[in-house]
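Visitor: Below, each chain spelled out in residue letters.
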Amino acid sequence: MLAAATLLALVACGHAVEQSALHPAGPQARKVSDLWWFALIVSTVVYVVTIGALLWAAWRARRREHAGAPLPPDSERRMTRAVAAGVGATVALLLVFFVYDLSVGRTLSPPPGGDPLTINVIGHQWWWEVQYPDTTPHGRFTTANEIHVPVGRPVVLLLTSTDVIHSIWVPNLAGKKDLIPGYTQSVWFQADTAGVYRGQCAEFCGHQHAKMALVVVAEPPAEFQRWLAQSRQPALPPTDSVTRRGQEVFLTGPCVMCHAIDGTPAGSNVGPNLTHLASRRTLGAGTLPNTRGHLAGWIVDPQRVKPGVWMPPNQLAPRDLEALLTYLQSLK
Amino acid sequence: MTALPEPRMRCHLPTTLCAVLLALALTACDREARRFRESPPSATPEGLVQLSPLEPGVPTTPVSARNVYLENAYAVSEGERRFNSYNCVGCHAHGGGGMGPPLMDDQWIYGSAPENIYETIVEGRPNGMPSFGGRIPSYQIWQLVAYVRSLSALTPSGTRSARTDHMMMFPGSRTLQEPEQPKQSGRPPASEMPPS
Chain A
1 MLAAATLLAL VACGHAVEQS ALHPAGPQAR KVSDLWWFAL IVSTVVYVVT IGALLWAAWR
61 ARRREHAGAP LPPDSERRMT RAVAAGVGAT VALLLVFFVY DLSVGRTLSP PPGGDPLTIN
121 VIGHQWWWEV QYPDTTPHGR FTTANEIHVP VGRPVVLLLT STDVIHSIWV PNLAGKKDLI
181 PGYTQSVWFQ ADTAGVYRGQ CAEFCGHQHA KMALVVVAEP PAEFQRWLAQ SRQPALPPTD
241 SVTRRGQEVF LTGPCVMCHA IDGTPAGSNV GPNLTHLASR RTLGAGTLPN TRGHLAGWIV
301 DPQRVKPGVW MPPNQLAPRD LEALLTYLQS LK
Chain B
333 MTALPEPRMR CHLPTTLCAV LLALALTACD REARRFRESP PSATPEGLVQ LSPLEPGVPT
393 TPVSARNVYL ENAYAVSEGE RRFNSYNCVG CHAHGGGGMG PPLMDDQWIY GSAPENIYET
453 IVEGRPNGMP SFGGRIPSYQ IWQLVAYVRS LSALTPSGTR SARTDHMMMF PGSRTLQEPE
513 QPKQSGRPPA SEMPPS
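Chains A and B are the protein sequences, given in the same order.
For the first sequence, the positions run 1 to 332 when my numbering is used.
For the second sequence, the positions run 333 to 528 when my numbering is used.
Since the hints were derived computationally from the structure, they do not count as laboratory data.
Ideal Cβ positions, reconstructed from N, Cα and C, are used throughout, including at glycine.
Warning: the hint list may mix true and false statements.
To be verified - Only part of the chain A face toward chain B is listed, based on derived beta-carbon distances under 7 Å:
(1) Thr-50
(2) Ala-53
(3) Pro-254
(4) Met-257
(5) Gly-267
(6) Ile-299
(7) Pro-312
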């Protein structure tokens, strides 16, 4: 009953959010999920059989006691046989688990065939830098906290970190993989269904480990190519006086010390690249939805939203803040 | 049969007392404060900064702006991080100097007092030091000041990190040296001169 109830509760959980290992959207996650279901079902059967046998034995002993019947002469031998059978079954089951687990690991690790898309993911406290490499300089670009991938094409993520160990985990697509400073690891996945899949850091990495999330946006290839072309463009120069003032605030204030906007002199890579900030879904690595109000709150006092984050509070004159917000929201 | 010796149950009073007192003293331990939300503070020390000890009229005692970060290990390490982030290392290396002057020696062209270093960062200096005023929040500048002073052991040794992956003056220089008084640039006193 308990197992069934847990199962039901888990299934219900899985449907509610888009971050779930129980709803695989690609071959990697499907294998992990199959393994999980196999383990759950076998364990549930073992649990039910074990508890059933225990209850049956207790009931039988009690009945014999009531009837006043003596123990049968070969009871000792029968007990030995039952225990041996139980141990044998356990060992056999564990062996099955072991072989199945190894075989899943074996199928997950080799690099994918075909023409995989390679993306560099760099872990920072507490956000994700995402670089799309290209053979030509103008084809490269950097974004943050959002990975766009085409549906049906394998994607290889090359992972490293600049500060401490992080771990990337997008449960709908693949298992976890650590991002280790000074060392490049890789993980690959393939999204078979279009959708937005949330992932998060799965290795404790400091104060805001819990608020270090990212989204993987799986889109049909045509849509992905459109996004790619758009992301390769530098930011458009401001057109009206408000956005011009906003850019001026950005370039002469504290923002420029850490953030880059391609197409402007701002080129620091300490914080996330903001060239296409307005096209992203979240702020502060999945902490807030990307709306004007949240952006304002984030700029003025990020420490209230995400205490310990490296971004300092910024005191701007109201008119400057408005201009800056308008400028940042124009960065599609 | 020989009787076993009676176990000694008597407590040694002074030892017990010491242990209890030490345990009590532990309760006074406190984790050093990590200030995340700064009420951006630290009024800029304009008017307090004196680059030269010479002044007209009656000499006044300089008033030093209190910098809470100088005695805070977290702030010093934050200053170190920002020293890298803001590319101070580009010219000063990790204190060893390069295009810019070294910061781990005892030569201070524009003064070693916290206010002097603050002013140097905010206003910039001739021949290359850019002005960071308005670009770096003042509390971060104070953290940088704390770190820069720790490079030449001008901050209390307790605030300096014992472990770092970067270049150091000499092994253990951050923990072994005692805090010193800010030195006047120029010739060392005769007692410290090497015998010729």
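Visitor: All the hints need checking, so say for each whether the structure fits it.
Guide: Verification of the hints:
no., hint, verdict
1, Thr-50, "48 Å, violated"
2, Ala-53, "52 Å, violated"
3, Pro-254, "6 Å, holds"
4, Met-257, "5 Å, holds"
5, Gly-267, "11 Å, violated"
6, Ile-299, "13 Å, violated"
7, Pro-312, "5 Å, holds"
In summary, the numbered hints that this structure violates are 1, 2, 5 and 6.
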